[in-house]
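Peer 1: Chains as they are written, first to last, in the working numbering: chain D, 1 to 487; chain R, 1 to 314; chain E, 1 to 313; chain B, 1 to 315.
It should be emphasised that the hints constitute simulated quantities derived from the structure, not laboratory data.
It is possible that part of the hints are untrue.
Stated by the list, open to error - Below are the DSSO-like pairs computed for lysine-lysine, each with C-alpha atoms no more than 30 Å apart in a straight line: (1) K126/R - K266/R; (2) K201/E - K85/R; (3) K183/B - K293/R; (4) K84/B - K237/R; (5) K116/B - K232/R; (6) K119/B - K28/R; (7) K130/R - K5/R; (8) K114/R - K159/R; (9) K213/R - K237/R; (10) K183/B - K369/D; (11) K84/B - K31/R; (12) K201/E - K169/D; (13) K235/R - K314/R; (14) K84/B - K340/D; (15) K5/R - K235/R; (16) K84/B - K235/R; (17) K5/R - K237/R; (18) K308/R - K5/R; (19) K84/B - K290/R; (20) K183/B - K340/D; (21) K28/R - K213/R; (22) K213/R - K270/R; (23) K308/R - K85/R.
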Amino acid sequence: MTANLMKNEVVAARGVKLAFGAVKALDGVDLVIRAGECVGLVGHNGAGKSTIVNVINGGLSPQEGVVSYGGETSGHGIATARASGVRCVFQELSLCPNLTVNENVRIMHPDLKGWNWRSRALELVKKQLQEIFPGHGIDCDSTVDDLSIAERQMVEIAISFAGFVVPPKLVILDEPTSSLDAGLAAQMMAYIRRFVADGGAVLLISHILGEILSTADRIVVMKDGRVVADRLASEMNARSLVEAMGNVVREQEYQRSGIARSSSPVLSMPPRRGRGLAFEAYRGEIVGLAGLGGHGQTETLLDLYLSRNGNWWPTPRDELAFVAGDRSLNGTFPLWSILKNLTIASLQELSSRTFIDNARENRLGLGWKNRIEIRTPDLENRILSLSGGNQQKVLFARALATTARTVLMDDPMRGVDVGTKQEVYEILRSEAASGRSFIWYSTEMDEIRLCDRVYVFREGAIVAELAGEAVTEKNVLAASFSAGEAA
Amino acid sequence: DTAGKKIALSNNYAGNSWRQAMLTSWDKITKDAVAKGVVAAADPFTTAENQATEQAAQIQNLILQGYDAIVVNAASPTALNGAIKEACDAGITVVSFDGIVTEPCAWRIAVDFKAMGESQIEYLAKKLPKGGNLLEIRGLAGVSVDDEIHAGIQAGVQKNPQFKIVGSVNGDWAQDVAQRAVAGILPSLPEIAAVVTQGGDGYGAAQAFAAAKRPTPTFVMGNREDELVWWKQQKDKNGYETMSVSIAPGVSTLAFWVAQQILDGKEVKKDLVVPFLRIDQDNLEANLAKTQKGGVANVEYSLEDAQKVISAAK
Amino acid sequence: MKLSSSAVRLIIPAASLAVLLAAVFYMQPRAMSYTGLNLLFNLAVPIALATVAQMVIMAVNDLDLSMGTFVSFCACVTATFLQASPGTGILIFLGAIAAYAAMGVIIYVRELPAIVVTLGMSFVWGGLAVLILPSPGGTAPGWARWLMTSKPPFVPMAIVASVVIALATHFLIMRSSFGVLIRGAGGNVRSVERAGWSVVKVRAAAYALAGFFAVLSGIALVGLTTSADANIALRYTLLSIAGVILGGGEFVGGKISPIGAVIGALTLALAGSFLSFMRISPDWQIGAQGAILIVVLAMRLFLNRLEKREKSR
Amino acid sequence: MNGHRLLLAKPWIWSFAATASVWIITVLFTGGASSVGLSQAALTFAAFSVIVGIGQMFVITLGPGNIDLSVPATMTLSGTLALKLMDVQDSMILVGLILSILLGAIIGLGNYALIKILKIPPIIATLSMSFIVQSTAIWTNRGLRIKPPETLASFTTSSLLGIPHVAIVALILSAFAWLLLEKTIYGRWISAIGQSTFAARMAGIPVDGTRLVTYMLCAVLASVCGYLLASFSGGAALNMGAEYLLMSIAVVVIGGTAVAGGNSNIPGIWGASLFMFLVVSMLNTYGFGAGFRLILTGLLIIAVILVAGGRRSTR
Ligand SMILES: Nc1ncnc2c1ncn2[C@@H]1O[C@H](COP(=O)(O)OP(=O)(O)OP(=O)(O)O)[C@@H](O)[C@H]1O
Ligand SMILES: Nc1ncnc2c1ncn2[C@@H]1O[C@H](COP(=O)(O)OP(=O)(O)OP(=O)(O)O)[C@@H](O)[C@H]1O
Ligand SMILES: [Mg+2]
Ligand SMILES: [Mg+2]
């Protein structure tokens, strides 16, 4: 029986410990993944999920404990892991942006050799994309640079699942759906089920608990570098999962402020490209931008921001602040400490007589560290030492720390854990109550429902405006598809 | 008759006063010649950077433009040979001067740089019979003129073993570089009797010696006006003695006339020699008076001068 | 029709070259001949090779400030050792290529800035060149001279060589899986590493390849000039960088185009010729080179705009 | 551990360590007799590299591809024009300085205009600009060397308490630059732009304005350096800046500024400038020929960076 179990075991990590300086990222983790199962891995930001993935994947060596592949403990490293059929889709996109899709296949599949590898690679990825995301419409001859974030994520997923000589035994997905909209995410989950049914194994990391509950066979909960729960998915529900992660479950209350509109909007924009509705936002309002991913929401935010922010001269009083969704592209400054990353947008308020007041800067930083719980022993640490979700929190704090009257948010909750999300929602509400406006682009329906008013985007233009009780999933979806598409 | 002929000047560098004086002389003499109808055109061309490759490309372009003769001050004695050969093959007369080329089809108006180096030591041997320590300021490493003058100086020192070169730096023929290099080595040097140079570095070296508060040795000068002025001041103050030697920038005009004579069908030997321009204690004032402020002591050549040089070579 | 970004990266440099060439032909119709073209372009061949070498380095996100001195060094070796005792010459070249590979490895392993290491190496190559040829001289090996001055039918050697270089490097860098790895290392080192490749090997290979092309550049240069000196190709450092950029390459991200780089090198050579065809006062001749560079780049911008308008239509 | 941390935090220490060892080796040649003279000479000549180096560092901090190749031409033009304008009159010293500052500002403006309007990489924009500036220098004076005003010349060549005046000027400029970099918003801004231009823009930083100011600052410093150098060496020469093209870049990167931008330090520039001067002096002192001198210089640069470079692997 045990022998049989060992045989089925694809990867096992036992007693793994790993520390980055003072931070104990992993503190004795046991994680076993067997063939034919999908393991869901959840936990707060900085719990150590990405770190255990990197250990399994061979990228990091554990300081204590062992990792075995298929029962074999000999050897550790990227090559061993790959030879044992372990593939990984990382939290941050990791394709080569300057190469075409099939050239990326060549990079990810070292065994794809010989003449004519181009067409074989193309065939492979096309087939796999079709299988996971039917009707995807991605041009596999194009350079990755030319693809949208969602398309890149899809390509990366497809490449990882593609089996060239032998299919992969274990595919690790670290927040694979963070850039995918609901439809694509559903296709992805359906494929995971099929893959698992065929005997493959999947380790799925996500902050979207619904996904985990519906897709995983078994759920592992991590907290502060330790596994605190390891149970069958059928035994858990959203509430027990959240409790296992250490958060108190709060009821989602949809109480809209319903403020009386002041006479003039704080922000407005005529219809984009002369089509659709005009955009307006009023004081103290949370305005949602909804619709399918890639229909011009980010562009609208960028237009709003760039048109009101001088490129030549410092804006005397910041009108707008921006929270990036794509951290590595337009969010973090990788060489800097967490503190500097946090305060960069508020320097004018922090300086007296042209010099930056370091004491005030520290105070501001500490205040926000506590307020949204940035998990780090020291704000002087480099920003990249934070987990993905915690980096996102810093970006949040950067915008909220400014005196800007309006905050633009470009899907900022990607990869933020449930507990923090709740806290951030809380902060948003109180800030809105004190008169700040928020323009919030989100791909998550739960968040859209928190907004006072919602603009729905389609093909680069605003096609509908929903307010108050009309903000429902059904209405948003209906407006997102044109009349012809709507079923 | 050369009234219909076009002559081009191919120059590889314009970044120092010597080259500027060379271009000015060319301009002065050839404008006159063109106005008088001696030749149809005499256009100067300068490359942006001091590189043989760029000058080779320039010469190839001059071939395309149909000049009858090209007068070259070459960046390298050998690296232009390919382009020069192509010019000769296209029937173009090529006259090189100052920086001469080794390609046999070209004419050469050479200065004996080795002798120039040797003459410095010979002068010093007369002035300082007891000999002493020498500091040598060289030019740009890897360039033939630097190598030849250096060889001349070494030959001179061999013949006059009372002199000893105790330090040698590369000044890259740039005032500030020379000054920098001398300032760096000076603190470690024993008493220096004389400084031998390759032209133009005398003033910078004198500054460096003054800054280090060292006794003033004999600086061999390179005909620059600032050097001559400094020399004159010292001479007036304490009878300072030295000599100054360099090639006159006006040699470009000699090359022009030689090219014109060749185009005119005159028999001209491939190798011509011009003397270098030397200034001594007695003719310092005369030369200084003739030298433009901030420029280089110069001589321009006329057609008659050129004919004299040509016939002297026969 | 949808144009891939790599195609766009090519069209614009090619178009600027064509416009410049038309201007040159207009000003100097004599250039429109077999010899004319050869004279216009033959000195661009070594530049093109150096540009390709620089491009390979830029593909892995580095910059080689020693390109000029290294080509000078190679030229000195070609004119001396390679000519006198080919065996020794080849050995020296192999050593130099190995040094390049080592440089690539050290820069990566020790995470050093490539600019400083290559800056240091530029002194080293320069010093070696001065030691080999303290004074200009040497002789081109007969075969190099023959190769560079041969006259193929119909199309001059300069054009043939440029096309061969462009196509060979295009195949090597853009089509082969070796090239994909090099560019991948420039685009995203981590993903190459995570896929199980040895980045050290990839970078060593890229640097060695660059060294190889630079050696070829030195040989081609001596084939044209018949001899060498220690400073012969110093300019190639800036020329090669400018060539890569003109050809549509970028400093970071592994975005390069070999055909573009060769075209960029030809454009630079042509810009110089264009200048000498306009008679400008010697005071301003140097400045005019700057002006021409600016005009060529402005043209690029203009074409780029047209292209974009075309694309968005 | 603590010492290790200090080294990690202060990468410039390495360039000073290298400088000190080279200095010791050099003065050993004379048994220590040359120490004062050598130090003074080193301070004097390092000062010029420091001034241009600071400007170049600000530009390099702006991120990959940012570099100012017009430094040598700017120095030349500034020296030429200022000396011509002052025409050896002591009363014109200040006017000359103002002229050279203005000139630098204009050239910097021109540089950035080319970069911005033509959307070309700075390396090519500034190269093109340098050709034009160099031509202007040739055109204005045809390479004639005009002497500096007497007072200015003696100021630049003399010293205060054994410290050369030019070194004091460079020190003051360094202190000013250090404040700018470490304590002001502007310093944060250029560092942010160097790490990610787009992220900087989205954090509300006026990117173009900041970059423009930086290019102007670099050109102004080069210009001032040209003014001082021309006065120091007794007249402007057309090739007087040539040396400073590689030098300005070398002192910045050897001093520990990240070439990828976003990270810079001023003390390192001093260390590297002194190092670059002393290495040549040391090799000259020990009588190496040009070839070996070049080779050893290169190897020493690589050695310094090898020792100092390991820091980047820890984050
Ligand atoms: N390279 C590093 N240097 C220092 N600390 C690190 C490093 N990488 C991770 N950490 C720390 O290790 C802890 C675990 O990080 P990890 O990335 O595994 O979190 P995570 O569970 O994936 O979080 P998220 O959901 O936000 O992605 C965090 O506290 C993080 O700050
Ligand atoms: N974060 C960003 N930073 C800079 N440019 C961006 C960003 N996101 C999008 N863009 C640009 O805006 C344009 C529209 O982007 P996209 O089609 O992704 O719109 P979107 O509706 O915001 O999509 P998504 O749902 O992926 O955020 C594209 O040309 C893209 O290059
Ligand atoms: Mg993570
Ligand atoms: Mg987007």
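Peer 1: All hints, please: hold or fail.
Peer 2: Quick rundown of the hints versus the structure:
1. K126/R - K266/R: violated (43 Å)
2. K201/E - K85/R: Since the Cα atoms of K201/E and K85/R sit roughly 45 Å apart, the hinted pair is violated (cutoff 30 Å).
3. K183/B - K293/R: violated (48 Å)
4. K84/B - K237/R: holds (28 Å)
5. K116/B - K232/R: Given pair K116/B, K232/R is violated - Cα atoms ~52 Å apart, limit 30 Å.
6. K119/B - K28/R: violated (43 Å)
7. K130/R - K5/R: Violated, at about 57 Å.
8. K114/R - K159/R: With Cα atoms ~14 Å apart, K114/R and K159/R stay inside 30 Å; holds.
9. K213/R - K237/R: holds (18 Å)
10. K183/B - K369/D: holds (23 Å)
11. K84/B - K31/R: At roughly 28 Å apart (the allowed maximum being 30 Å), K31/R and K84/B satisfy the hint.
12. K201/E - K169/D: Roughly 28 Å between the alpha carbons, so the hint for K201/E and K169/D holds.
13. K235/R - K314/R: Given pair K235/R, K314/R is violated - Cα atoms ~42 Å apart, limit 30 Å.
14. K84/B - K340/D: The hint is violated at about 47 Å.
15. K5/R - K235/R: Violated, at roughly 49 Å.
16. K84/B - K235/R: Given pair K84/B, K235/R holds - Cα atoms ~27 Å apart, limit 30 Å.
17. K5/R - K237/R: Violated. K5/R to K237/R sits at ~53 Å, over the 30 Å cutoff.
18. K308/R - K5/R: holds (22 Å)
19. K84/B - K290/R: Status holds; Cα separation ~21 Å.
20. K183/B - K340/D: holds (12 Å)
21. K28/R - K213/R: Between K28/R and K213/R the Cα gap is close to 43 Å, so the pair fails against 30 Å, i.e. violated.
22. K213/R - K270/R: violated (50 Å)
23. K308/R - K85/R: holds (28 Å)
Hints 1, 2, 3, 5, 6, 7, 13, 14, 15, 17, 21, 22 from the list above are not met by this structure, while the remaining hints are.
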